[in-house]
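Take a look at the letters that make up each chain.
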Amino acid sequence: MKLLSAFRSSYLNRRGTTFRSLDPSSFDGGFIPKPSPSSIFWLAIHCLCCLISLILGFRFSHLVLFFLFSTSVTNLYTTTAGVSQLLKLKPLEKANVTAKSSRVVVGRHGIRIRPWPHPNPIEVMRAHQLLERVQKEQKSLYGVRSPRAVIAVTPTYVRTFQALHLTGVMHSLMLVPYDVVWIVVEAGGKTNETASFVGKSRLKTVHVGFDQKMPNTWEDRRRVESKMRIQGLRIVREEKLDGIVVFADDSNMHSMELFDEIQNVRWFGALSVGILAHSGNADELSSVLKMNQEGKPIQGPSCDSSGKLVGWHVFNTQPYATKTAVYVDDKAAVMPSKMEWSGFVLNSRLLWKEPVDDRPTWVKDVDNLLDGNEEIEDGPLSMVKDPSMVETLGSCGRNVLLWWLRVEARADSKFPPGWIIKSPLEITVPSKRTPWPDSSSKLPVVTKEAKYNQPATEKRSGKAKRIKEQEQ
Amino acid sequence: MKLRSWVLIFIACNLLTFSTISAFRLSRSQPTERISGHAGDVLDDNPVGRLKVFVYELPSKYNKKILQKDPRCLTHMFAAEIYMQRFLLSSPVRTLNPEEADWFYVPVYTTCDLTPNGLPLPFKSPRMMRSAIQLIASNWPYWNRTEGADHFFVVPHDFGACFHYQEEKAIGRGILPLLQRATLVQTFGQRNHVCLKQGSITVPPYAPPQKMQSHLIPGKTPRSIFVYFRGLFYDVGNDPEGGYYARGARAAVWENFKDNPLFDISTEHPTTYYEDMQRAIFCLCPLGWAPWSPRLVEAVIFGCIPVIIADDIVLPFADAIPWEDIGVFVDEKDVPYLDTILTSIPPEVILRKQRLLANPSMKQAMLFPQPAQPGDAFHQVLNGLARKLPHDRSVYLRPGEKLLNWTAGPVADLKPW
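Here the protein sequences come in this chain order: B and E.
Oh and the first sequence: position 19 is 19 in full-length UniProt numbering, straight run, nothing missing.
Oh and the second sequence: position 19 is 19 in full-length UniProt numbering, straight run, nothing missing.
Careful, some of the hints might be misleading.
[As the list claims (entries may be wrong)] Simulated crosslink set (DSSO-like; lysine-lysine; CA at most 27 Å straight-line):
#, chain 1, residue 1, chain 2, residue 2
1, E, Lys363, B, Lys136
2, E, Lys415, E, Lys169
3, E, Lys388, E, Lys2
4, B, Lys353, B, Lys204
5, B, Lys139, E, Lys353
6, E, Lys333, E, Lys258
7, E, Lys220, B, Lys139
8, B, Lys139, E, Lys363
9, B, Lys136, E, Lys353
10, E, Lys124, E, Lys69
11, B, Lys414, B, Lys331
12, B, Lys136, E, Lys220
13, B, Lys213, B, Lys414
14, B, Lys204, B, Lys227
15, B, Lys308, B, Lys385
16, E, Lys415, E, Lys69
17, B, Lys353, B, Lys227
Honestly, the hints are just simulated from the structure, not real lab data.
Turn these sequences into a full structure, and let the hints steer you where they fit.
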């Protein structure tokens, strides 16, 4: 009996189900409660399980036996709570007399799991609304006080890579949290291709055509693009658009922080553009990079230690001197001009015909330029009388907020209009199993190779001959 | 006239003691009772001039030598006791004349006995404390004058002056008998618990201020995480089945919300822990083996609303900081419905809590900076001590009167240290 009571006391100590906070003296003395039928039953089960696990060698908790006898299909852990509450009941009855009984009990507790422990979609929606509200509050605390509209001027023309470039610009502009007006100037007249992108963007857009076709050399292109941008500025003047003019070239990549940063401009601002002078020839590129260790591929303003604009950092084109591309589809690297238009932003009020009150004197009067009487040669800096007064953005050009890239396909590359093919693609790579063996219709065999972008034949192409087909 | 003034003083003393008692009961339901106006009024009180503290000169074996043996004590979460002594030694409230002192401070580092892993072992702490008290009782008359009622000790360990890390054993031991009358400054606080004495001052655990300052991110980074928590859910080493650790609350959080996209909870310890807290709206602060944790401090510093899951917990400086207005309290039994609770909080309430958290005096009150700055946790402790002044008449014992039992407690504690 003594052994049994000692065993009981150690058992209960380990399980920790006695309500100890009342009686510190009993702790030292050894707790000997009255044996009761249910506790003897549990003891017997425990002994049985210990013997079984000794024999079988795995942990065989008496809870498993409990499950065998229980009929309710509740959660694993809630039954633990049930068991522990069962065991706790006995001492609790004796414990009622305390003065300060805490509702917090020391010892093993059940792990509460609700019947369906998965996210509730309505609550997830509510949480997202809360997140939005908090972020809105944050923006109003830390962000821009009175945001101005962003006017993006994009010169473009129809070519294979236009879809790639315009989609990027379109997505960037669609994400801008401010009002956007997208002015798209298209060389060679308005086309449906460009109009489809412009229409998809769901932004306020102005799509105009420009009479010239885009020439084939990079040098001439720059000139035409400048003219197209001036055309865009003319539209700003005519419509009296109010906001910040950004030159969003269609092959550039803009970061979202760019649009937040340009809200700080007052009249005429300059920011840093990362120059990605990509060349198709990998060997040349690596040798160029070895030579070009000091210069950074950035074009932008440069300040002294006090933050004043003292000069411009221009992309070092020296290493590429003999290997730059002249024609659009040359394999060599494409060089940027000295000062890219995309690195400058201006307040649209500078372009208005009516004189604005606090128009700065260091900006030239652009009316002449916009009326077509002047030609602009080396970038937008020629619009200012005093370049040292230009405002710097992005912590004086230290943050690069957009990247300049010029990559185009070969001159003779064609692409399906609207990137929709009228008939299924011809199978150019013969495969053992096309057409699929279980297809029911009889498919005629193609006897002649077809060019992939010529008007498609009406009949569906079948199993190609096992001649090596020449791919286009 | 003289009688009336004595009666008035007596009534005022009683009111003061009653209000400090009721502070603990009221702090859960009506915290604004103690704050006049917005949070921070009481926090900005300057204790200098309101009290005088005398610091006992104990032999260095009680403090400096222990620290020299293990300098890790300076950075773990119990480091408050060390910094408290350093602060008091150079503070203007310190007085070298014990006759004019209102409070007496005993600098003994009881939690500086660390395992190789960095966890403090409290087994020698009762003997150390007892030996220190014997020393001051025999060398100075001030202990025997009040039997310690105007002395205060910093006991930042898991269960305060119960000196054990296991809750059952700590409850079994109870508060060290010699400290029955002293004021305890501790991190542990749970209502109706043996190890929280009436009149104790709860302080936050030590969190390194420099480290947290160096991980600040710009305020305009949008808060995109709804609920954030990093820590253990099951303490596999000590409680493999679960149910003991955190009273099953942490395990319940994991089981209910492990696949919920709103809850960013995991046991991994990322290097961007502090940055992630600043990107979260709610930070869970559930109990562990003890109800308090440094997560509360981190949440307040980083502006993340603390979700406190610990029944009956007493939070630091509960009589000065309106925790109900700042944090969200969730009962342990309501943990499975945590997502419902948190998503049904109206946005205005959330924004108000964030504004309260942004109050710099709140953040300052949670820190132990070196050197001390106005409004920090040291000053809040002194404010708390000052609020308990003047001492009740009954604190001073008649000569020869003895209230403490010097031989109570387990036999092992009576051995000299």
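Status of the hints after comparison with the structure:
About 24 Å separates the Cα atoms of lysine 363(E) and lysine 136(B), which keeps this hinted pair within 27 Å; it holds. As the CA atoms of lysine 415(E) and lysine 169(E) are separated by approximately 19 Å, the hinted pair is consistent with the 27 Å bound. The hinted pair formed by lysine 388(E) and lysine 2(E) meets the criterion: a straight-line CA distance of about 24 Å does not exceed 27 Å. Of the pairs offered as hints, the one joining lysine 353(B) and lysine 204(B) holds, with about 23 Å between alpha carbons and a cut-off of 27 Å not exceeded.
For the given pair, lysine 139(B) sits about 17 Å from lysine 353(E) by alpha-carbon distance, which is consistent with the 27 Å threshold. A distance of roughly 18 Å separates the Cα atoms of lysine 333(E) and lysine 258(E); the hinted pair therefore holds under the 27 Å criterion. About 7 Å separates the Cα atoms of lysine 220(E) and lysine 139(B), which keeps this hinted pair within 27 Å; it holds. A C-alpha spacing of about 22 Å is found between lysine 139(B) and lysine 363(E), which places the hinted pair at or below 27 Å, so the restraint holds.
The suggested pairing of lysine 136(B) with lysine 353(E) holds, with an alpha-carbon distance near 16 Å, which does not exceed 27 Å. The suggested pairing of lysine 124(E) with lysine 69(E) holds, with an alpha-carbon distance near 15 Å, which does not exceed 27 Å. With a CA separation close to 18 Å, the supplied pair lysine 414(B) and lysine 331(B) stays within the 27 Å bound. Taking the CA atoms of lysine 136(B) and lysine 220(E), the gap is near 10 Å; set against the 27 Å cutoff, the hint holds.
Distance restraint check for lysine 213(B) and lysine 414(B): the Cα-Cα separation of roughly 17 Å lies within the 27 Å cut-off, and the hinted pair is therefore satisfied. Between the alpha carbons of lysine 204(B) and lysine 227(B) the distance comes to roughly 23 Å, so the proposed pair stays at or under 27 Å and holds. A C-alpha spacing of about 17 Å is found between lysine 308(B) and lysine 385(B), which places the hinted pair at or below 27 Å, so the restraint holds. Of the supplied pair hints, the one linking lysine 415(E) and lysine 69(E) holds, its CA atoms being roughly 22 Å apart against a limit of 27 Å.
Taken as a hint, the lysine 353(B) and lysine 227(B) pair is honoured in the structure, with Cα atoms around 19 Å apart against an allowance of 27 Å.
In this structure, every one of the numbered hints holds.
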